[in-house]
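Peer 1: Spelled out, the chains give:
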Amino acid sequence: MSDLSLERAAPRGMIALRGDFDSLAGPCREITGADLPAPLGAAGEGRALLWMSPDELLLLCDPGDVGEVLARLGEALAAQHHLASDVSDARVVFTLRGPGVRDALARITPCDMRPGRFHVGQVRRTRLGQVAAAIRLTGDAAAEVYCFRSVGDYVERLLATALESANRERVAL
Amino acid sequence: MLLLTCPACGVAADETELAPGGEAHLTRVGPDGDDASFEGYLFQRANPRGVHFERWRHVYGCGKWFHAARDTATLEVFGTYSAQTTAPPDDILDKIKARRPGWEGNA
Ligand SMILES: [Zn+2]
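Sequences listed follow chains A and B, in order.
So the first sequence is numbered by UniProt numbering: it starts at 1 and just counts up by one.
So the second sequence is numbered by UniProt numbering: it starts at 1 and just counts up by one.
One should not assume that every hint holds.
To be verified - Okay, the calculated bits of chain B under chain A, using three or more residues with CB under 8 angstroms as the criterion:
# : stretch
1 : 31-39
2 : 61-67
3 : 77-86
As the list claims (entries may be wrong) - Label pairs and their in silico Cβ distance ranges:
#  : chain 1 : residue 1 : chain 2 : residue 2 : range
4  : B       : F38       : A       : E7        : 24 to 34 angstroms
5  : B       : Y41       : A       : G64       : 33 to 43 angstroms
6  : B       : E76       : A       : A78       : 49 to 59 angstroms
7  : A       : A78       : B       : T72       : 32 to 42 angstroms
8  : A       : G26       : B       : L3        : 16 to 26 angstroms
9  : A       : F21       : B       : R99       : 32 to 42 angstroms
10 : A       : V171      : B       : M1        : 18 to 28 angstroms
11 : B       : F38       : A       : T161      : 18 to 28 angstroms
Please keep in mind that the hints were generated in silico from the structure rather than gathered at the bench.
Yeah, the Cβ is synthetic: ideal placement off N, Cα and C, and Gly gets one too.
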């Protein structure tokens, strides 16, 4: 059985954005077309914003656009105390697909993966095995996992093991 | 298993997603303090069996510090609250008194 699939996603442009959300909202809307996400949420299609903490967002864009986006942010926020930094190389993204995706992730994270507790569209920074990672549920049977590149091989094997065991013995969450 | 709800992001985080920060609401002893009070500030902790106030950091999540009030013997959590305070808020104290009628507070 191989209902669940795991793939290392193509490189993405990622910009760490820290500052007062009131001052970040305007420039972020202009750049991504989306309003700031609610806590633990994500916003935007294509260019997207992930909520990381009460004063931090992760802006996703095409790798080739990072320079332009950073320049626009720097200009728009010149008078504000903020941080906008290209962290595209810091993290890798894995895409998981298949009906047992919640079950597979629940095997390796303390995060509550049940549908009533983890909604589609939500982003949870948590622990996977022994390392920090973020889980973004992009659909009922699809998720993205973000982790630091330095532990990318570990997380890839960890996810593969979780998917394999979930494929073998499916548990409904 | 200990679950604490991080007041900064609202996540009910597992103990393994958190870093412990020790006893809460310590009074910092500065350069004017004598050796004995500085030693106390550095090394002496309450370590009660029962109601306790602690600092925790949501290190695998939003990264923010917060406070928690819990029972060290039963692991009952009375509540969590902002890190930006020097004393437990009244609603937390009320919850503790409701559950532990004889509790006099940690002197
Ligand atoms: Zn948090």
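Peer 1: Please go over all the hints and tell whether each is borne out by the structure.
Peer 2: Verification of the supplied hints:
1. 31-39: Result for this restraint: violated, n = 0.
2. 61-67: Result for this restraint: holds, n = 4.
3. 77-86: Coverage by chain A is violated for the stretch 77-86 of chain B (0 residues, Cβ < 8 angstroms).
4. B:F38 x A:E7: 24 to 34 angstroms: Once the Cβ atoms are compared, 56 angstroms apart, the range 24 to 34 angstroms for E7 (chain A) and F38 (chain B) is violated.
5. B:Y41 x A:G64: 33 to 43 angstroms: violated (54 angstroms)
6. B:E76 x A:A78: 49 to 59 angstroms: holds (50 angstroms)
7. A:A78 x B:T72: 32 to 42 angstroms: Given about 50 angstroms between the Cβ atoms, the range is violated.
8. A:G26 x B:L3: 16 to 26 angstroms: Hint violated: Cβ distance 37 angstroms, outside 16 to 26 angstroms.
9. A:F21 x B:R99: 32 to 42 angstroms: holds (36 angstroms)
10. A:V171 x B:M1: 18 to 28 angstroms: holds (19 angstroms)
11. B:F38 x A:T161: 18 to 28 angstroms: violated (50 angstroms)
Checked against the numbered hints given earlier, this structure breaks hints 1, 3, 4, 5, 7, 8 and 11; the rest are met.
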